[in-house]
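Asks: Sequence:
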Amino acid sequence: MKKLIASVIGALLILSTLSAQEEGAEEKSKVKYSTNINLAITYPWAGKLSVTEVIKVPVLNFDNPFMRGNNIKFKLGAELTPVTVEGKFDVVWTPLAFLEIYGGASVGSGWTLAGWHGLALNQNVFGTTQKVPINFKKAFYTANLGAALQFDLGAIIPNDWTHIIARVDQYFLYKGVTGVGSLDSWVFQNDDGENRNGFTYCGSYVLGYQMPLPMNMIALRVETEKTFFKVPSDADKRNWGEDRYNVVFGPIISFKPIDQLTIMLIAQWKTAHNYTVGDLKTFYQKRTIDKSKLDKIVFKRVGIIFDVNLPNN
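Using mature numbering (1 follows the signal peptide of the UniProt record, and there is no 0), the letters of the sequence shown correspond one by one to residues -22 to -1, 1 to 291.
One should not assume that every hint holds.
Unchecked claim - Quick list of in silico lysine-lysine cross-link-like pairs, DSSO-like style, CA-CA up to 27 Å:
1. Lys10 / Lys109
2. Lys215 / Lys274
3. Lys204 / Lys234
4. Lys8 / Lys53
5. Lys234 / Lys8
6. Lys234 / Lys215
7. Lys115 / Lys259
8. Lys259 / Lys234
9. Lys234 / Lys34
10. Lys264 / Lys274
11. Lys234 / Lys116
12. Lys248 / Lys109
13. Lys215 / Lys109
14. Lys264 / Lys278
15. Lys204 / Lys269
16. Lys274 / Lys109
17. Lys34 / Lys115
18. Lys248 / Lys264
19. Lys51 / Lys115
20. Lys8 / Lys51
21. Lys8 / Lys109
22. Lys271 / Lys208
23. Lys109 / Lys278
24. Lys34 / Lys53
25. Lys269 / Lys259
26. Lys269 / Lys215
27. Lys208 / Lys115
28. Lys34 / Lys8
29. Lys274 / Lys259
30. Lys269 / Lys234
31. Lys259 / Lys248
32. Lys234 / Lys51
33. Lys66 / Lys116
34. Lys215 / Lys271
35. Lys259 / Lys271
36. Lys204 / Lys264
37. Lys215 / Lys264
Claimed, not checked - What follows is a set of in silico ranges between Cβ atoms, one per label pair, in the way DEER data are often shown:
38. Gly159 / Ile231: 40 to 46 Å
39. Leu191 / Ala117: 42 to 48 Å
40. Asp162 / Leu91: 18 to 24 Å
It should be emphasised that the hints constitute simulated quantities derived from the structure, not laboratory data. Computed from a predicted model, the values in this text were never measured in an experiment. Each residue gets a CB set at the ideal place from its N, CA and C atoms; glycine is no exception.
Start from the sequences, fold in the hints, and give me the full structure.
Replies: Following this line, the structure appears as structure tokens:
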């Protein structure tokens, strides 16, 4: 679900940033405050509610197409799912119209509800997976730093129907849980439990078409990640496929019935390993992938996202 929210944010950044029009000098110098409310519902069933306060500060604005919209955004938010709660702080700097540099951090905790694990340990018990609930006894935390390049053909050929848009994100993400070692595995938001404290290198690639219609955008998004976790000295991560990139991809369809509301429909598929030894009940480091085959493609989820942006001045 966290990746889904990241997908939504990336698509919304395209809508809000690439299609921005020139404002008057007085308006450009004004600090803007807004509240963003985001509700995501997906199947297989999951949900997340996010509320974020945004302060947009104009910085180094100049009267040219590349720098007239320069700004820094400060974001303070909270996220709630049925099994986790999280606080977040992010900073996004736009030094050029086509470039963003960003970083942020979050902290939270989770619990187990009806077999759904918000935050739990994933232990190896005689070769099988055993998930041990934490229930607020520990906290999870993240930190990220990255950059994005974005392009809009409509900025070069001004017309309502020329907005072919693209965005590329590259960032490092550190994820961890307090009170556990670098070799301990854990579950976050009921995922597969293959997390360990450490860095992940992430990429996101969006290509879309924006239209002056209520259905205002169609796009394809591809997300990649490569983990750099510490591995036990007697283990080879290539055996269970941790050396490979994980890929998630799918279409995005966006509707904007009113200025303050965006509704997005998503469908996603992901890569998954083929195993010669073990299955999903086997502790993941005890599985053996079929190295003679490429990863298979499996369904991940479908979802609907409601995003409300409320200006406060």
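Asks: Now look at each hint and say whether the structure bears it out.
Replies: Results of checking the hints against the structure:
1. For the hint pairing Lys10 with Lys109, the CA-to-CA distance comes to about 45 Å; that exceeds 27 Å, so the pair is violated.
2. Between Lys215 and Lys274 the CA atoms are separated by roughly 19 Å; this keeps the pair inside 27 Å, and the hint holds.
3. Taking the CA atoms of Lys204 and Lys234, the gap is near 34 Å; set against the 27 Å cutoff, the hint is violated.
4. Restraint check for Lys8 and Lys53: satisfied, since their Cα atoms lie roughly 17 Å apart, inside the 27 Å limit.
5. Between the alpha carbons of Lys234 and Lys8 the distance comes to roughly 26 Å, so the proposed pair stays at or under 27 Å and holds.
6. Restraint check for Lys234 and Lys215: the C-alpha separation of about 45 Å exceeds 27 Å, so the hint is violated.
7. Restraint check for Lys115 and Lys259: the C-alpha separation of about 25 Å stays at or below 27 Å, so the hint holds.
8. Between Lys259 and Lys234 the CA atoms are separated by roughly 43 Å; this puts the pair beyond 27 Å, and the hint is violated.
9. Taking the CA atoms of Lys234 and Lys34, the gap is near 22 Å; set against the 27 Å cutoff, the hint holds.
10. At most 27 Å may separate the alpha-carbon atoms for a hinted pair to count; Lys264 and Lys274 meet this at roughly 20 Å.
11. This hinted pair does not check out: Lys234 and Lys116 have alpha carbons roughly 40 Å apart, beyond 27 Å.
12. With a C-alpha separation of about 23 Å, the suggested pair Lys248 and Lys109 falls inside the 27 Å cut-off, and the hint holds.
13. Taking the CA atoms of Lys215 and Lys109, the gap is about 21 Å. The hint holds against a cut of 27 Å.
14. As the CA atoms of Lys264 and Lys278 are separated by approximately 24 Å, the hinted pair is consistent with the 27 Å bound.
15. A threshold of 27 Å between alpha carbons decides the hint, and for Lys204 with Lys269 the separation of about 18 Å falls inside it, so the pair holds.
16. The straight-line distance between the Cα atoms of Lys274 and Lys109 is roughly 26 Å, inside the 27 Å bound, and the hint therefore holds.
17. Between Lys34 and Lys115, the direct Cα distance comes to roughly 36 Å. Violation of the 27 Å bound is thereby established for this hinted pair.
18. Between Lys248 and Lys264, the direct Cα distance comes to roughly 22 Å. Compliance with the 27 Å bound is thereby established for this hinted pair.
19. Between Lys51 and Lys115 the CA atoms are separated by roughly 33 Å; this puts the pair beyond 27 Å, and the hint is violated.
20. A hinted pair counts as satisfied when its Cα atoms are at most 27 Å apart, and Lys8 with Lys51 qualifies at roughly 13 Å.
21. For the hint linking Lys8 to Lys109, the alpha-carbon distance of about 51 Å lies beyond 27 Å, and the restraint is violated.
22. Between Lys271 and Lys208 the alpha-carbon distance is near 25 Å, which keeps this suggested pair within the 27 Å criterion.
23. In summary, the hint linking Lys109 to Lys278 is supported, as the alpha carbons are separated by about 21 Å, within the 27 Å threshold.
24. With a C-alpha separation of about 9 Å, the suggested pairing of Lys34 with Lys53 holds against the 27 Å cut-off.
25. At most 27 Å may separate the alpha-carbon atoms for a hinted pair to count; Lys269 and Lys259 meet this at roughly 20 Å.
26. A threshold of 27 Å between alpha carbons decides the hint, and for Lys269 with Lys215 the separation of about 12 Å falls inside it, so the pair holds.
27. With a C-alpha separation of about 24 Å, the suggested pairing of Lys208 with Lys115 holds against the 27 Å cut-off.
28. Between Lys34 and Lys8, the direct Cα distance comes to roughly 9 Å. Compliance with the 27 Å bound is thereby established for this hinted pair.
29. The hinted pair formed by Lys274 and Lys259 meets the criterion: a straight-line CA distance of about 19 Å does not exceed 27 Å.
30. A C-alpha spacing of about 45 Å is found between Lys269 and Lys234, which places the hinted pair above 27 Å, so the restraint is violated.
31. Pair hint Lys259 plus Lys248 holds up; C-alpha atoms about 20 Å apart against a cutoff of 27 Å.
32. The straight-line distance between the Cα atoms of Lys234 and Lys51 is roughly 23 Å, inside the 27 Å bound, and the hint therefore holds.
33. Annotation: proposed proximity of Lys66 to Lys116 holds, straight-line Cα distance about 17 Å (limit 27 Å).
34. Our distance criterion of 27 Å between C-alpha atoms is met by Lys215 and Lys271, whose separation comes to about 17 Å.
35. In summary, the hint linking Lys259 to Lys271 is supported, as the alpha carbons are separated by about 21 Å, within the 27 Å threshold.
36. For the given pair, Lys204 sits about 20 Å from Lys264 by alpha-carbon distance, which is consistent with the 27 Å threshold.
37. Taking the CA atoms of Lys215 and Lys264, the gap is near 10 Å; set against the 27 Å cutoff, the hint holds.
38. Under the hint 40 to 46 Å, the C-beta atoms of Gly159 and Ile231, about 43 Å apart, fit the expected range.
39. One distance hint, 42 to 48 Å for the beta-carbon pair Leu191 and Ala117, holds here, with the actual separation near 45 Å.
40. Taken as a hint, the range 18 to 24 Å holds for the pair Asp162 and Leu91, whose Cβ atoms sit roughly 22 Å apart.
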